[in-house]
Amino acid sequence: MYGIYTSSCVSAQIEQRNCNLFEAESARRLTMPARETEAIILKTFPLGEADRLVSFLGRTSGKLRGVAAGARRLKNRFGSTLEVLSHTKIWYVERETRELVRIQQCELLESFHKAQSDYRLSTGLAVISEISELVLPEHEVAEPMFRLILLTAQEIERTGEWEVPLTYFAFWAVRLGGWLPQFERCANCGTPFGTQIAHYASWTAGLLCEKCRRSGMNSLHAEGRQLGEQFAGERLNRIEMPSALRPSARELREASFNWIEHHTERQLKTREFLETT
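All the letters of the sequence shown, read from the start, carry residue numbers 210 to 486 under our numbering.
Any given hint could turn out to be false.
Derived PhoX-like pairs: lysine-lysine, alpha-carbon spacing no greater than 20 Å straight-line [said to hold, decoys possible]:
{"no.": "1", "residue 1": "Lys-323", "residue 2": "Lys-252"}
{"no.": "2", "residue 1": "Lys-252", "residue 2": "Lys-298"}
{"no.": "3", "residue 1": "Lys-252", "residue 2": "Lys-478"}
DEER-style ranges, computed between Cβ atoms [claimed, not checked]:
{"no.": "4", "residue 1": "Gly-399", "residue 2": "Leu-256", "range": "51 to 57 Å"}
{"no.": "5", "residue 1": "Thr-400", "residue 2": "Ala-243", "range": "41 to 47 Å"}
{"no.": "6", "residue 1": "Cys-398", "residue 2": "Ala-259", "range": "57 to 63 Å"}
Source of the hints: derived by calculation from the structure; they are not laboratory data.
Even glycine gets a Cβ: it sits at the ideal position worked out from N, Cα and C.
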């Protein structure tokens, strides 16, 4: 009888201890401090009936994905802060055992409403969003890329045009990725280009001369290469682009897109929409 009583007491003590541990763990989760970062919204996806899955680039956290609970409801606490490329401040909770963070709050620092609501300009923003998603690794701080995205979005909003800002962005995305080929000489034989046309394609990383070019390659004239050198040395908001250089900007932009596709081994889905704007 005494043994049965003792066994019951021990079981009760174990059960009580387990309850205490569970309550302590629950309390710890509830009081887990939120992290704060300046961020750019890269993309959002519907999640369930009321939530959104948000991909964002934090200035101090790198690229993260998180759940914004209730963000799809008509009345929600996030408002317009989750629009593509919006410049925000985000508070989120991150747990070691979970891939997704929980977004608690967003504060809008800078809105690009004009660009977001204009089809032509929003197409340019969409290309920036897609490229950023492709080239940025998870959880890796990327301060230069953060500044590049923000500067490009600001210029599209300010100027009401996407051609030059998007060309600048694509060129610098290639350069920051370490993928920019030599603009002075052929990648195959080393012959200097001078003022001659260089050739490129998505299946090769470099620029080729007239002798080494292959069938189906595209052209990058000397003016397009010179424009790349100008982009490398000047901030976007200080560059004035004469209308005569627009074809050169297009050539440089298309070449940069090809290098991005080559190195990421992915096709840019939004690229085709630029042709219709």
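Hints, one by one, checked against the model:
no. : hint                             : result
1   : Lys-323 with Lys-252             : holds, 18 Å
2   : Lys-252 with Lys-298             : holds, 16 Å
3   : Lys-252 with Lys-478             : holds, 14 Å
4   : Gly-399 with Leu-256: 51 to 57 Å : holds, 52 Å
5   : Thr-400 with Ala-243: 41 to 47 Å : violated, 58 Å
6   : Cys-398 with Ala-259: 57 to 63 Å : holds, 60 Å
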